[in-house]
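> Below are the chains, spelled out letter by letter.
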Amino acid sequence: KDSISTKGSELRLYNCFSDFCFDIFCYFQKGLRHLSDAYECLDASRPWLCFWILHSLELLEEPIPAAVASDVCHFLARCQSPAGGFAGGPGQHAHLAPTYAAVNALCIIGTEQAYNIIDREKLLDFLMSVKQPDGSFVMHVGGEVDVRSAYCAASVASLTNILTPKLFEDTTNWILSCQNWEGGLSGVPGLEAHGGYTFCGTAALVILGKEHMLDLKALLRWVVSRQMRFEGGFQGRCNKLVDGCYSFWQAGLLPLLHRALFKQGESELSRQRWMFEQQALQEYILLCCQNPTGGLVDKPGKSRDFYHTCYCLSGLSIAQHFGNMDLHHEMILGKEDNRLVRLQQSWAGGSAEQGWIHSEIEPTTTNKQ
Amino acid sequence: KLAMSGVEEISDESVEVKEGEEFDVEAEDHLRDDFLLDPTRYIFYRDRKEWADLEPVPQDDGPNPVVKIAYSEKFSDVYDYFRALLKNDERSERAFALTSEAIELNAANYTVWHYRRVLLQALSKDLREEMRYITAIIEEQPKNYQVWHHRRMVVEWLNDPSEELEFIADILSQDAKNYHAWQHRQWVIQEYKLWDDELDFVENLLEEDVRNNSAWNQRHFVISHTSGFSDAMEREIQYCLYQIKKAPNNESAWNYLKGILQPLGLSAQPGLLERVLELKQTHCSPYLLAFLFDCYEDALENSKENVAEEEQQKTLKKALEICQLLAQEDTIRKEYWLFLGRSLKNKHGKLNNYTFELCVIHPELEII
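Order-wise, the sequence lines are chains A and B. Under the working numbering, the final residue of the first sequence carries the number 369; numbering is consecutive throughout. Under the working numbering, the final residue of the second sequence carries the number 368; numbering is consecutive throughout.
Hints in this document: simulated from the structure, not taken from any laboratory. Since this is a predicted model, take the numbers as computed values, not measurements. There could be a bad hint or two in this list.
[To be verified] With a straight-line Cα cutoff of 16 Å, these simulated EDC-like cross-link-like pairs (lysine to aspartate or glutamate) come out:
| no. | chain 1 | residue 1 | chain 2 | residue 2 |
| --- | --- | --- | --- | --- |
| 1 | B | K68 | A | E266 |
| 2 | B | K68 | A | E268 |
| 3 | A | K217 | B | D89 |
| 4 | B | K345 | A | D37 |
| 5 | B | K74 | A | D37 |
| 6 | B | K345 | B | D330 |
| 7 | B | K345 | A | D71 |
| 8 | A | K217 | B | E311 |
| 9 | B | K334 | B | E321 |
| 10 | B | K314 | B | E335 |
| 11 | A | K240 | B | E301 |
| 12 | A | K240 | B | E335 |
| 13 | B | K347 | A | E268 |
| 14 | B | K347 | A | D71 |
| 15 | B | K347 | B | E301 |
| 16 | A | K240 | B | D209 |
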């Protein structure tokens, strides 16, 4: 990085983010309508494609045309299962991951039409149907268990205000059992600590109000250790390679931990910065993760995709903005245009703040289409 | 990686012309003379007479579709017929055969896998053959959730784990950190109590790559479920220090050392601090320094009543020096090390003696 931070090339590289704005918007516009057959492997994840693209647009403060928003609503309605929850595509079985994606995508759209798509009663039925006696959730009926499911369930339950104590009985203890000797969380108890699973478990606990039951100090040590001292980006697991998507899954833990420690009475927390190197992460994303034709990637040499685009941008937002409701500090690398929307103000973060926006939805009313 | 991306390596730019079982295309793009007679030629389901009784169900994306995938003709054809089977809940051999095709086109379609399992049971299919099938699929696509879950179901139905450890070892020989593989391995070992040879397996992996964090995790898994760490502690500490001497900058070994000692307290282990201070001379690393900090912090947190305050403050001073050092050396974590120092000082720091004495002797004096 020293070799590229000569003044001229530094300016060029830091500027290129906003210079490629046009291309990135083309990438999203096209993708939201049409995808090549290379995307056949995501035919059971189409609500994810909606979510990744809409969330990226939201971060870039690009408005979503009403017609597009309406079409997404109609499509997601077709992905909703008659038995509740959302599936990877029309006619498929409901699954917690596309359920998370669909509900969050609808919340990004945020219109009355969007909220009305969700059959909340049936959604609760679906969540109960995948709930296990030990507190965990399977991802779909007859499917596998891992901590992603708890996060998907907690997220949609809190957003749609169908959270009941019974729904998450024993879930807290199950998630806690995923924290291992490394300090991070694994997909299921016993496995290696991993960024994606750690985010899911921690965010789920935040939503349930139980994050204080984790060993927060051990978790903090683990996650800060995942930032790569040379690349500036984050690795998913100890001794593995950097990947742009962990800019969100890993760095996203720091705001959660900051808040959790604060609630625990920690008085020495910074009032200006998260406990990771914000500038270094922005540098990794802007200098190494941009595709010159628009979109973002895992690492140099990899091809772009909507998943990496979404999570690189999400991580960039976190690295640019410190704060909560009352306090806000910015640290924008490069041009002013590089600024993204602050993540806490958007839908996708795992923060418990999500829930308050839907207080207007009464727990007892059903939403009819 | 979470099951959210799947196109990491694939360019979404060009629609590549796919070579397939459809037809053999010569370099000059001519069809072979025997094209129509070629028995290996692919025939769409819509053209197969054995399927003529079934009305295909096209995908209903609605009038203004979004995220519409440009499926190949083959993909659409197979899935149109899959949807038809699903709609009728048809439980037949032909349905079973079609699920293989649907899986090959998209192995992440969990609805197809579920249906296949329903058919396996409804048709009393040969599960040994299914094991051979899933073995081949996993070898081709080892990073997919559905394939591993399917294998687990078949193993459970057969109640036969006898092939598992060898199979997983083979997958791990291709990617020693495959998360699904390790998950399946832990399930098999725990479910069928196959602990006996696992520590050896782990040690071999660590011989091959001492930085394999998955192997270190497996080590922890095996020991915690077998002997436990009380008897094994000295041996494990020895093992760690041995590996650290060989590769001083291996974070996994340091994390493991801390991980096994933490439940008892780092300062509870006699002589350990001294051994690490010795290592500091020749095998220093940010991980060693962090470990020292953790020892000092543990001493402060868990000090016995007879530890003099002066002793405590000395320990605190050493801990804070390490924080300072780390903030300078491990700069990517500077914010964190500074926080840790402030936090520790806030918790264990005392008013310095001079100030205290001033307060006592001259209570009316305003202390600025």
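> Which of the listed hints are not met by the structure?
1, 2, 3, 4, 6, 7, 8, 10, 11, 12 and 14
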